[in-house]
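A.B. asks: Listed here are the chains, written in short residue letters.
2 protein chains.
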Amino acid sequence: MTSDRPIILVTNDDGITAPGIAALVNAVKHLGEVVVVAPDSPQSGMGHAITISEPLRLDKVDIFKGIICYQTSGTPADCVKLAVSKVLHRKPDLVVSGINHGSNASINVIYSGTMSAAVEGAIEGIPSIGFSLLNYAHDADMEAAGKVAHKMAKMVLEKGLPEGVLLNVNIPYCDFENIKGYKVCRQARAKYNEEFDERKDPHGRNYFWLRGDFANFDHGDDTDVFALKNNFVSIVPTQFDLTAHHAIGTLNTWNF
Amino acid sequence: MTSDRPIILVTNDDGITAPGIAALVNAVKHLGEVVVVAPDSPQSGMGHAITISEPLRLDKVDIFKGIICYQTSGTPADCVKLAVSKVLHRKPDLVVSGINHGSNASINVIYSGTMSAAVEGAIEGIPSIGFSLLNYAHDADMEAAGKVAHKMAKMVLEKGLPEGVLLNVNIPYCDFENIKGYKVCRQARAKYNEEFDERKDPHGRNYFWLRGDFANFDHGDDTDVFALKNNFVSIVPTQFDLTAHHAIGTLNTWNF
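Quick note, the sequences are listed as chains Y and G, same order.
Numbering follows the numbering used here, in which position 8 of the first sequence is assigned residue number 8; successive positions increment by one, without gaps.
Numbering follows the numbering used here, in which position 225 of the second sequence is assigned residue number 225; successive positions increment by one, without gaps.
A few of these clues could be false.
[To be verified] Subject to a maximum C-alpha distance of 30 Å in a straight line, what follows is the list of computed DSSO-like cross-link-like pairs (lysine-lysine): (1) LYS86(G) / LYS86(Y); (2) LYS154(G) / LYS191(Y); (3) LYS91(Y) / LYS191(G); (4) LYS29(Y) / LYS65(Y); (5) LYS86(G) / LYS191(Y); (6) LYS91(G) / LYS200(Y); (7) LYS191(Y) / LYS65(G); (8) LYS86(Y) / LYS200(G).
Bear in mind the hints are in silico, worked out from the structure with no lab data behind them.
Extracted from the complex, chain Y is given alone in its bound form:
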């Protein structure tokens, strides 16, 4: 780290060998000094897990040509902590996480390892962005998403972000020319309707696979789901102050 170019930390939750992180490295590598610290295996659905009951590994690897790169046994949030404390020995100027294979719009933000890395960056006071593409396939075309990530990372490096705010950027799956533009949105109110797929193991014991259907019950035209449905990139400013400030008044009328 001898130059005065910005330091950009790249991480993800699909693991260091996922095509999405390669696309993200390519998207931001000319914007600064890129350092990759990412999980050594897939960590989807890890939410904001951190590893406190097991030791963590951190190993230098040579995956992206000319770029300092480490894999860890930890979660996406662990990656950001390890990068700051043990790799960079300083805060980077930007954290970018992704490009996730699959949507992190709406309620997915709660379950997302990709977004937890960006949240962890914001907790550290670092401008941070999570990127996700609306296609789960390993071999999804990342070209348009890479262009979006480049533009967004450049803007955030130039403008910064309000304190305590990170960005949740979701990208529709289409050719770049067919992306209609960018919309600043709120998180749509939605949930998963769970169905557990019940099976028997070879020993006769039951087990369950979690699966769910996304149910959007928010018909606003200012939501991320609406923007994406209309082929816009959705940008949700996201915070880690979970206080429901609007409910404080109501609760203060309770007679504790």
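Chain G: place on chain Y using the hints.
C.D. replies: Then chain G, alone, in the frame of chain Y:
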């Protein structure tokens, strides 16, 4: 489930054998039909992780006398999903999670498995409360915390909660007589300053233990940390809409 008493789901993140969940079961068992679905092992720091890459086990166990009780191999959020879909076959009237051994005030809410179960309940539209005691010890005295949990659960059963809002209740560690009262609070702005404890395994390879010091940089007298320091129970109304609504205006001035 033949009575018309409310159904109360009890879960936690310290695991089904932790003293905290026993205290919570005792605290709420006279308020309705209690059903326990909790992790079969400790899940602290799991944030809002869900299990999508591995199958889940769900086994009936006999731990709390006269109370239907299941342990799962999943996370706290999985427990709520499994309870609704596979145990109760309906939504309970209340989800209570805890009593956590250790604080979930301030930024801890982000990392907390205890709170993720309550968040999952709220996503399902169920009134939900997470309880945490400011003592990490396995043998901490849960008597005062149990009384607080009883009172809060009773109130929420009677009054309900605003849509999309759950409660993060933290309890100071002192005798019940020394608790000064209840304060509705906001989440204090704070973070952990990480330190990784670096060691070598018997094979000469490095590994790291994550540890951190809690750093509060919020001097407001309306925060959970302030309330707890002054021996009040802190009640933070908490939401899973992570949109930073106040930042939408700023971002709309950007020229995308």
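A.B. asks: For each hint, tell me whether it holds in the structure or not.
C.D. replies: Each hint tested on the structure:
1. LYS86(G) / LYS86(Y): At roughly 44 Å apart (the allowed maximum being 30 Å), LYS86(Y) and LYS86(G) break the hint.
2. LYS154(G) / LYS191(Y): Holds, at roughly 27 Å.
3. LYS91(Y) / LYS191(G): With a Cα-Cα distance of about 14 Å, the restraint between LYS91(Y) and LYS191(G) holds, given a limit of 30 Å.
4. LYS29(Y) / LYS65(Y): Judged against 30 Å, a Cα distance of about 11 Å means the pair holds.
5. LYS86(G) / LYS191(Y): Within the cut-off at roughly 18 Å; holds.
6. LYS91(G) / LYS200(Y): 26 Å, holds
7. LYS191(Y) / LYS65(G): Violated - the C-alpha atoms of LYS65(G) and LYS191(Y) are around 35 Å apart, more than 30 Å.
8. LYS86(Y) / LYS200(G): Judged against 30 Å, a Cα distance of about 15 Å means the pair holds.
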